[in-house]
Amino acid sequence: MSYHNPPTKPRLSATFDEYTMSEIRRAAATGIYDIRGGGAKRKLPHFDDLLFLGASISRYPLEGYREKCGTNVVLGSRYAKKPIELKIPITIAGMSFGSLSGPAKEALGRGATIAGTSTTTGDGGMTEEERGHSQTLVYQYLPSRYGMNPRDLRRCDAIEIVVGQGAKPGGGGMLLGQKISDRVAEMRTLPKGIDQRSASRHPDWTGPDDLEIKILELREITNWEKPIYVKVGGARPYYDTALAVKAGADVVVLDGMQGGTAATQEVFIEHVGMPTLACIRPAVQALQDLGMHRKVQLIVSGGIRNGADVAKALALGADAVSIGTAALIAIGENDPRWAAEYETLHTTAAAYDDWHEGKDPAGITTQDPELMKRVDPITAGRRLANYLKVMALEAQTIARACGKNHVHNLEPEDLCALTIEASAMAQVPLAGTSWIPGKGGY
Numbered sequence: 082m083s084y085h086n087p088p089t090k091p092r093l094s095a096t097f098d099e100y101t102m103s104e105i106r107r108a109a110a111t112g113i114y115d116i117r118g119g120g121a122k123r124k125l126p127h128f129d130d131l132l133f134l135g136a137s138i139s140r141y142p143l144e145g146y147r148e149k150c151g152t153n154v155v156l157g158s159r160y161a162k163k164p165i166e167l168k169i170p171i172t173i174a175g176m177s178f179g180s181l182s183g184p185a186k187e188a189l190g191r192g193a194t195i196a197g198t199s200t201t202t203g204d205g206g207m208t209e210e211e212r213g214h215s216q217t218l219v220y221q222y223l224p225s226r227y228g229m230n231p232r233d234l235r236r237c238d239a240i241e242i243v244v245g246q247g248a249k250p251g252g253g254g255m256l257l258g259q260k261i262s263d264r265v266a267e268m269r270t271l272p273k274g275i276d277q278r279s280a281s282r283h284p285d286w287t288g289p290d291d292l293e294i295k296i297l298e299l300r301e302i303t304n305w306e307k308p309i310y311v312k313v314g315g316a317r318p319y320y321d322t323a324l325a326v327k328a329g330a331d332v333v334v335l336d337g338m339q340g341g342t343a344a345t346q347e348v349f350i351e352h353v354g355m356p357t358l359a360c361i362r363p364a365v366q367a368l369q370d371l372g373m374h375r376k377v378q379l380i381v382s383g384g385i386r387n388g389a390d391v392a393k394a395l396a397l398g399a400d401a402v403s404i405g406t407a408a409l410i411a412i413g414e415n416d417p418r419w420a421a422e423y424e425t426l427h428t429t430a431a432a433y434d435d436w437h438e439g440k441d442p443a444g445i446t447t448q449d450p451e452l453m454k455r456v457d458p459i460t461a462g463r464r465l466a467n468y469l470k471v472m473a474l475e476a477q478t479i480a481r482a483c484g485k486n487h488v489h490n491l492e493p494e495d496l497c498a499l500t501i502e503a504s505a506m507a508q509v510p511l512a513g514t515s516w517i518p519g520k521g522g523y
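So the sequence shown is numbered by this note's numbering: it starts at 82 and just counts up by one.
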């Protein structure tokens, strides 16, 4: 008997795959690094690697049609005279006017208001559309100081000092010239059509002692009314959280590397920072060690997609979450109805991330007057409100199944992990065992 060996398909290198080789060729041809938006595209341990342990005999579930499960949250109760009270623990993250179109910012404000939550300005200042349609608006105070003025600090409902962002901790913002319209240039007091790159650190302080002075300065400007948030990228969450609390923050916002960005170097997005899942427990531990857990609120962001993600973040110790990319998708970003136009940009709706080019067919990440007309702020706002409502209902459903009458009563004991990595990061047992890597068990 004879055997015939069929031809085998050439085997690609796991290290030098097609994408890696194409990037080497692109770098060799252009001499510049790649810039894109969105967040990390590599697969990372995430909330999908955790499961809830619903009630059975040892736990008593709540009846969804007869027993209440609360979702409200109060943010900034440590020092502020007027803490923020939200109906749901899901907020809208900072995304700048300039990066986003005016109608998109209005849609975010409308949707957040209907849902009973807050939205955030982002770099570049406060627009009248956003202030006018956001019942609760958080004003971001960034290293660039673009658009910053005492009047808007007093008009907002809270101030978020941005130290870092999950997609680029240690790096500044980037808004390329093609998106610098007359209005954007006027708000930022910079030339039209010229690239605007924000500093990576604040110009008037260099450490936590200076941060304390800055927080006091902002409190004085706003008569101690506004909660002061401090936002950090996920890098050293234990120490950053502890230092923010000691500097006087009312709220700490912690952004993991799955968080998006409008534009930065791809090498930053994929190789700097830590997964969101790895950031939460160290930050909570810092709050607990200082006796400030639940007294200083923790908001977690970076890759939140659904109510299960919300419930898992809260179970790990967060008080609320913040969404950015998901909110943009809800109002129409990367919509398949523009598939033909995405193809002309050599991409697809599902993968479009060249937000910095200002050619977004959906009219959301652009300053093109014609493309912007494609966003109906009223309809888009309703879509966002629907999405937020579903997320809150999903989190409630899970909380009830675990026997909790408020989503904040979820706890690590309600979770198990599917992988060793997720178990170690979230500090919950590997499914079917009581073992947590580094902590013992069986």
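No lab work stands behind these hints: they were computed from the structure.
Hints should not be assumed to be uniformly reliable.
Once the Cα atoms are required to be at most 25 Å apart in a straight line, the calculated DSS-like pairs of lysine-lysine come out as [to be verified]:
(1) Lys295 - Lys162
(2) Lys376 - Lys163
(3) Lys273 - Lys327
(4) Lys440 - Lys149
(5) Lys168 - Lys149
(6) Lys273 - Lys122
(7) Lys273 - Lys295
(8) Lys440 - Lys122
(9) Lys440 - Lys162
(10) Lys163 - Lys273
(11) Lys376 - Lys295
DEER-style ranges, computed between Cβ atoms [to be verified]:
(12) Leu474 - Asp291: 36 to 46 Å
(13) Pro450 - Leu271: 42 to 52 Å
(14) Gly372 - Gly151: 42 to 52 Å
(15) Ile275 - Ala109: 38 to 48 Å
(16) Arg375 - Asn304: 17 to 27 Å
(17) Ile105 - Tyr160: 26 to 36 Å
(18) Thr89 - Arg264: 58 to 68 Å
(19) Pro450 - Arg140: 55 to 65 Å
All of these numbers come straight from a predicted model, not from anything done at the bench.
Ideal placement from N, C-alpha and C gives every residue a C-beta, glycine not left out.
Hint-by-hint comparison with the structure:
{"no.": "1", "hint": "Lys295 - Lys162", "verdict": "18 Å, holds"}
{"no.": "2", "hint": "Lys376 - Lys163", "verdict": "15 Å, holds"}
{"no.": "3", "hint": "Lys273 - Lys327", "verdict": "40 Å, violated"}
{"no.": "4", "hint": "Lys440 - Lys149", "verdict": "46 Å, violated"}
{"no.": "5", "hint": "Lys168 - Lys149", "verdict": "14 Å, holds"}
{"no.": "6", "hint": "Lys273 - Lys122", "verdict": "32 Å, violated"}
{"no.": "7", "hint": "Lys273 - Lys295", "verdict": "31 Å, violated"}
{"no.": "8", "hint": "Lys440 - Lys122", "verdict": "21 Å, holds"}
{"no.": "9", "hint": "Lys440 - Lys162", "verdict": "43 Å, violated"}
{"no.": "10", "hint": "Lys163 - Lys273", "verdict": "38 Å, violated"}
{"no.": "11", "hint": "Lys376 - Lys295", "verdict": "21 Å, holds"}
{"no.": "12", "hint": "Leu474 - Asp291: 36 to 46 Å", "verdict": "43 Å, holds"}
{"no.": "13", "hint": "Pro450 - Leu271: 42 to 52 Å", "verdict": "20 Å, violated"}
{"no.": "14", "hint": "Gly372 - Gly151: 42 to 52 Å", "verdict": "24 Å, violated"}
{"no.": "15", "hint": "Ile275 - Ala109: 38 to 48 Å", "verdict": "28 Å, violated"}
{"no.": "16", "hint": "Arg375 - Asn304: 17 to 27 Å", "verdict": "26 Å, holds"}
{"no.": "17", "hint": "Ile105 - Tyr160: 26 to 36 Å", "verdict": "52 Å, violated"}
{"no.": "18", "hint": "Thr89 - Arg264: 58 to 68 Å", "verdict": "59 Å, holds"}
{"no.": "19", "hint": "Pro450 - Arg140: 55 to 65 Å", "verdict": "56 Å, holds"}
Violated hints, in rising order: 3, 4, 6, 7, 9, 10, 13, 14, 15 and 17; the structure is consistent with all others.
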